[in-house]
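Residue numbers (the working numbering), protein chains in the order written: chain A, 1 to 515; chain B, 516 to 721.
The set of hints was computed from the structure by calculation and includes no laboratory data.
We put the beta carbon where it would ideally sit given N, CA and C, even for glycine.
Mixed in with the good hints there might be a few duds.
Stated by the list, open to error - Computed from the model, here is a short list of chain B residues facing chain A with C-beta under 7 Å: (1) Ala571; (2) Ile573; (3) Ala581; (4) Ala618; (5) Ala621; (6) Leu665; (7) Ala666; (8) Leu669; (9) Ala672; (10) Gly676; (11) Ala679; (12) Leu680.
Read off the chains here:
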Amino acid sequence: MTWWSTLFAVSPLVVVALGALLLMLAEALGRPAPAADGAVVTDVGSGRAGELGIGSAVVLFAGGVFALSLWMVGPEALPGAEGLAPYFIVDRFSAFFGVMLCLGGGLSALLGGGYLDEHGIDRSEFFPLLLWATLGAMALAGAGDLLTLFVALETMSIGVYAMVGLRRNGRAIEAALKYFLLGGFAGALTLFGAALLYGATGHTDLAGIGASVGTIGQPGSTVPAGLVLVAMALVVSGLLFKVAAVPFHMWTPDAYEGAPTPATTFMAVAVKCAAFAILLRVLFGAFADERVASWGTGWPPVLAVLAVATMTVGNLIAGRQESVKRMLAYSSIAHAGYALLGVVAAMRSGMGQASVLFYLLAYTVSTVGAFGALILCGRRGAEAVSYEDLAGIGRRHPVVALAFSLFLVSLAGIPATAGFFGKLGVFLAAIDAELYVLAVVGLLNSFLGAYYYLRVLVYMYMREPSPNAPRAVPMRSGQVGVAIAVAALLVVWWGLFPLSIGADVTAAGSAPMAR
Amino acid sequence: MILAGIVYFAVCALVVLLGAVGVVASRDPIRSAVSLLASILGVAGLYLKLSAEFLAAIQVIVYAGAVVVLFVFVIMLLGPDAGSRVEPSRARPSRVVGAVVAAAVALAAVLLLLPRDHGLTSFGEVPAGFGGIEAVGGHLFTRALLPFELATALLIAAVVGAIALSRGRGVIPKAPPPPVNPTARMFGGPVHPRDAGRPLGEEGMR
């Protein structure tokens with residue numbers, strides 16, 4: 001009777017896939033909502049963005065609940081889970097990411113329900129795309145084989161490419177095209193690297209590759225080291241593109257700015273987290289050999305340089321932006337740098353991977369909240385994008401401004417928020433791995449980052465809009481409100497009681513990455 | 516025997532590479548499509564050399580047969596002048612830097628691979644039936660079921676995305692569409708059941 005336990009092991013994926021199919025059926029068969037004047041339905045949607053938003057959020061939260069119950073039962077206890085390896089690895093790591101991705105995706109769906117409705121982008125394909133992309137992201141986090149890795153990566157990416165271009169103005173098309181072309185190129189790099197890896201080692205599963213790579217340099221080994229090196233560089237470059245690490249970040253600001261804000265949220269949250277998951281799996285599953293993962297002879301110094309460059313470039317350019325959305329895009333680049341710091345630290349420190357996981361969790365809830373608050377600040381025809389748009393909103397709409405401030409403070413890493421403990425964990429891991437310079441650079445960078453986050457607060461509370469400028473009037477939406485409330489609750493909860501999930505994060509981070 | 520294998524590989528590889536260069540180098544989209552066809556057929560030949568007969572057949576049927584034909588259809592639909600005639604712009608510093616960096620990376624990769632005198636990993640003798648329909652299908656539907664099903668998710672996402680991006684922005688009109696054109700009714704009889712019982716109107720007699 002292992003079939004039911006196998007089914008249970010993949011239940012988060014199954015739930016999301018079935019939900020996506022049901023949602024597509026409901027959307028196709030359902031009647032369009034009647035427009036006010038009886039006839040004109042622009043942008044040929046079904047007019048039911050709000051309902052579909054709630055539906056897809058329910059599906060994703062159900063998937064998250066299944067992942068959570070998988071975690072409670074313990075993937076080790078499932079006899080059927082072993083049969084899925086190496087194509088899909090069911091362990092605490094993938095269950096953890098299942099919960100995190102469903103949370104991020106579900107909150108983005110709620111934001112989408114409110115946003116698309118308000119701004120008249122009545123394109124109901126947004127929600128199935130979001131669900132399929134989340135499915136790809138969850139499969140990516142559990143991929144233990146180059147085959148699953150590539151298919152899952154493409155499933156995730158294709159959904160997001162289309163989501164970026166849903167709004168038909170020039171900027172959105174430019175964003176979608178840029179993201180699609182560069183993303184396709186990065187996918188090709190990953191695939192080329194995967195082919196070379198297979199040629200060099202004769203394996204496509206990460207564990208087998210890891211075992212072959214471990215024999216390099218020993219007598220009788222036939223594994224060509226140069227080929228493995230080139231292959232590793234190609235695979236990791238493709239993944240770093242998805243993470244938006246410098247120098248693979250050029251697409252990020254344009255794609256983030258041109259996309260509808262809920263799609264931006266999804267990109268910043270789910271895509272980045274899943275890419276980090278598979279980066280950890282590849283680096284610590286296939287290239288975890290003592291020499292390959294050591295500071296003197298392996299990949300860590302290269303990744304450390306990229307981490308420092310990512311943090312610094314992201315923070316420096318973010319400070320010069322006039323658009324808050326673009327600032328958040330550059331700040332998400334900087335956050336990728338902090339998380340990469342944790343990845344580098346994980347080569348020597350046992351808490352490195354756990355610190356990355358907690359960082360991503362804190363980053364997820366803070367980012368969803370920040371983008372949600374930005375959505376809430378604008379309304380139809382007057383979307384809030386620049387700092388000027390937010391001027392004086394603290395006095396006129398204190399609740400919105402308070403929520404926005406909370407998330408920005410968390411992103412800046414100020415104590416009593418989840419973001420603070422995320423950064424603290426990463427820096428402690430770096431110190432534990434004896435990478436003191438990196439820890440100091442990270443600390444300096446977080447001061448740099450605080451400048452532009454607090455600048456938003458200054459505009460909200462201490463500036464008045466210029467007399468002629470149109471005043472930002474926050475929209476009203478229950479869905480966006482709920483998403484922000486959930487995110488705020490988690491930010492405060494993990495900010496006050498980080499140890500409440502400390503043991504879980506450690507358990508997820510200490511699972512072997514490939515089998 | 517071994518020499519024949521090497522010659523076969525070299526010919527296929529040459530066809531693949533020349534086809535690929537032709538795709539990006541030719542200005543005429545039809546020539547690009549045909550070069551792509553050559554490249555795809557070359558890859559199918561390489562699959563044969565790897566004992567993957569089923570994959571080679573699929574490559575020819577799906578890519579050469581369906582995908583390239585689709586490309587040609589689209590090119591024909593858009594017309595031969597659809598491609599924008601963009602004059603190659605002058606070298607900008609960023610392009611020069613990009614080209615230099617790319618060349619340096621490629622050179623480094625080649626240098627890494629060149630000097631060692633090692634063969635690639637030997638995969639040993641292939642078992643009987645390797646690369647046939649049964650072997651591929653058996654693996655796909657048992658061990659690799661999950662990535663296989665994931666490919667369906669990929670295709671659905673791609674289809675939904677394509678629809679979402681191509682579906683026009685428009686207005687659903689209140690009134691039904693105007694009746695079919697009168698000429699069709701005069702010469703071809705009623706083309707819509709709804710119009711079958713209606714006498715020819717004034718516009719039909721004109």
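How the hints compare with the structure:
no., hint, in the structure
1, Ala571, "violated (17 Å)"
2, Ile573, "violated (16 Å)"
3, Ala581, "violated (19 Å)"
4, Ala618, "violated (15 Å)"
5, Ala621, "violated (10 Å)"
6, Leu665, "holds (5 Å)"
7, Ala666, "holds (6 Å)"
8, Leu669, "holds (4 Å)"
9, Ala672, "holds (4 Å)"
10, Gly676, "holds (3 Å)"
11, Ala679, "holds (4 Å)"
12, Leu680, "holds (5 Å)"
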